[in-house]
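If you're matching them up, the sequences are chains A and B in order.
If you use the numbering used here, the first sequence corresponds to residues 21 to 134, in order.
If you use the numbering used here, the second sequence corresponds to residues 2 to 110, in order.
What the hints contain is simulated information worked out from the structure, not anything from laboratory work.
Fair warning: there could be bad hints in the mix.
[Unchecked claim] Cut-off 30 Å, straight-line C-alpha distance, at most; resulting in silico cross-link-like pairs (DSBU-like, lysine-lysine):
1) K64/B with K56/A
2) K64/B with K43/B
3) K70/B with K61/A
4) K80/B with K64/B
5) K60/B with K60/A
6) K60/A with K64/B
7) K43/B with K56/A
8) K43/B with K42/A
9) K38/A with K43/B
Note that the structure is a prediction, hence the values are computed from the model and not measured.
Each chain, letter by letter, is given below.
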Amino acid sequence: ETGVTQTPRHLVMGMTNKKSLKCEQHLGHNAMYWYKQSAKKPLELMFVYSLEERVENNSVPSRFSPECPNSSHLFLHLHTLQPEDSALYLCASSQQGAPGQPQHFGDGTRLSIL
Amino acid sequence: EDQVTQSPEALRLQEGESSSLNCSYTVSGLRGLFWYRQDPGKGPEFLFTLYSAGEEKEKERLKATLTKKESFLHITAPKPEDSATYLCAVPGTGNQFYFGTGTSLTVIP
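Using the sequences and the accompanying hints, generate a full structural model.
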């Protein structure tokens, strides 16, 4: 496996369900990110982990709960979501510490809330 | 306020018809500008990083350029396989990254 891998690729859940999204990076990076991508809107940065510590939480509702057990794995735990949470959720990684390092993305999880 | 604006929103080209995409940015102390390509059902794929005004990067039919206020992605003699959404992004303060809404490019055979 190379790059950034996200599972599942598609997820349909009801508003009362609990599910988790998984991300794994094989690039040796030290920072990981969750983004939300909705139609006609820019990518919205949700959470940033640097060296396994959460360093950014952009006013994301508490129904989204991230977890970063090590520098290669990132989870997004979901519970009691709303229909407006339907979107593509993207994970990315980068090497922080060096100026202007790009992020590398997985192919996302397409989430649909019924 | 840091932000990124891309234009046009959508662009249709005939195969071989060259054009340019624009990315305007306002950010304090630019620490790089990134171009990505995103295909339907996929995540953004990194293309280029530009660090300073006057810098240019090339890859196949794509060339990215940077000024103090904007970046251009020039597409020379495009092919249908160049059809995708092209995104630009800049790092903001702290750990923030700001993306534009993208340009959806369609190249018609």
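To see whether the hints hold, each was checked on the structure:
no.: 1; hint: K64/B with K56/A; result: 28 Å, holds
no.: 2; hint: K64/B with K43/B; result: 22 Å, holds
no.: 3; hint: K70/B with K61/A; result: 22 Å, holds
no.: 4; hint: K80/B with K64/B; result: 15 Å, holds
no.: 5; hint: K60/B with K60/A; result: 27 Å, holds
no.: 6; hint: K60/A with K64/B; result: 25 Å, holds
no.: 7; hint: K43/B with K56/A; result: 14 Å, holds
no.: 8; hint: K43/B with K42/A; result: 16 Å, holds
no.: 9; hint: K38/A with K43/B; result: 25 Å, holds
In this structure, none of the earlier numbered hints is contradicted; all agree with it.
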